[in-house]
Amino acid sequence: NAGVTQTPKFRVLKTGQSMTLLCAQDMNHEYMYWYRQDPGMGLRLIHYSVGEGTTAKGEVPDGYNVSRLKKQNFLLGLESAAPSQTSVYFCASSREAGGGSPLHFGNGTRLTVT
Amino acid sequence: RKEVEQDPGPFNVPEGATVAFNCTYSNSASQSFFWYRQDCRKEPKLLMSVYSSGNEDGRFTAQLNRASQYISLLIRDSKLSDSATYLCVVNYDYKLSFGAGTTVTVRA
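Top line first, the protein sequences correspond to chains G and L. 3 is the number of the first residue of the first sequence in our numbering; add one for each residue after it. 365 is the number of the first residue of the second sequence in our numbering; add one for each residue after it.
Derived from the structure by calculation, the hints contain no laboratory data. Incorrect hints may appear among the rest.
[To be verified] Below 27 Å or equal to it, Euclidean Cα-Cα: the simulated DSS-like pairs (lysine-lysine) are:
1. G:Lys11 x G:Lys72
2. G:Lys59 x G:Lys11
3. G:Lys72 x L:Lys366
4. G:Lys73 x G:Lys16
5. L:Lys406 x G:Lys11
6. G:Lys59 x L:Lys443
7. L:Lys443 x L:Lys406
8. G:Lys16 x G:Lys59
9. G:Lys11 x L:Lys409
10. L:Lys443 x G:Lys72
11. L:Lys366 x G:Lys73
12. G:Lys59 x G:Lys72
13. L:Lys366 x G:Lys59
I would like the entire structure built from these sequences, with the hints used as guidance.
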């Protein structure tokens, strides 16, 4: 049982380049989330999904897009990377919303934008 | 004002000591509360939920004070393996807000 798997683990981009982060979960969870974690700040929600085919904006959505074409996958896209997007990105999934069940996190993607 | 605030620490304690720290939250209507643990360069994992009456899980005790809007975590008989960053998480209306974390380092 792999849980939540994120790829890639590390990436360096130049300003203006694009990339997609992939998140896959095998727990049949309805809810999936993308967070970013920066030093001195709590995890901040970028986008989330309450089920296949749905997406919604979180706290810091600007500069990111997401898609959830299949229940098990949640993709995060950066169309034109900026240095301010240098961060650690975590995908998470849960069976219920709002803390009703634990968040299961992937092991993170460390992104540097130069 | 941040929704959830934590003393970043670090709290450096010897093995076997007791360490306690708090987290304050700004929304008085917050509904549920959690502590997550995050090891260095790893993903967060749920440590425990925090219930109104307080609750224990082994050496860990969590308390909630709604009047003063804070939650606390106490670790008894600290182990080296307790070294981590502890994230306070608060839920309001299905939205989870994370604190920046309190770092605990247990030394031999």
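Tested hints:
1. With a C-alpha separation of about 22 Å, the suggested pair Lys11 of chain G and Lys72 of chain G falls inside the 27 Å cut-off, and the hint holds.
2. A C-alpha spacing of about 24 Å is found between Lys59 of chain G and Lys11 of chain G, which places the hinted pair at or below 27 Å, so the restraint holds.
3. Straight-line distance between C-alpha atoms of Lys72 of chain G and Lys366 of chain L comes to about 35 Å, which puts the hinted pair past the 27 Å bound.
4. Of the pairs offered as hints, the one joining Lys73 of chain G and Lys16 of chain G is violated, with about 31 Å between alpha carbons and a cut-off of 27 Å exceeded.
5. Our distance criterion of 27 Å between C-alpha atoms is met by Lys406 of chain L and Lys11 of chain G, whose separation comes to about 11 Å.
6. Restraint check for Lys59 of chain G and Lys443 of chain L: not satisfied, since their Cα atoms lie roughly 40 Å apart, outside the 27 Å limit.
7. For the hint linking Lys443 of chain L to Lys406 of chain L, the alpha-carbon distance of about 19 Å falls within 27 Å, and the restraint holds.
8. With a C-alpha separation of about 25 Å, the suggested pair Lys16 of chain G and Lys59 of chain G falls inside the 27 Å cut-off, and the hint holds.
9. The suggested pairing of Lys11 of chain G with Lys409 of chain L holds, with an alpha-carbon distance near 18 Å, which does not exceed 27 Å.
10. With a C-alpha separation of about 42 Å, the suggested pairing of Lys443 of chain L with Lys72 of chain G is violated against the 27 Å cut-off.
11. Taking the CA atoms of Lys366 of chain L and Lys73 of chain G, the gap is about 33 Å. The hint is violated against a cut of 27 Å.
12. Under the criterion of a C-alpha separation no larger than 27 Å, the hint pairing Lys59 of chain G with Lys72 of chain G is consistent with the structure, at around 18 Å.
13. At most 27 Å may separate the alpha-carbon atoms for a hinted pair to count; Lys366 of chain L and Lys59 of chain G meet this at roughly 20 Å.
Hints 3, 4, 6, 10, 11 from the earlier list are contradicted by this structure; the remaining hints agree with it.
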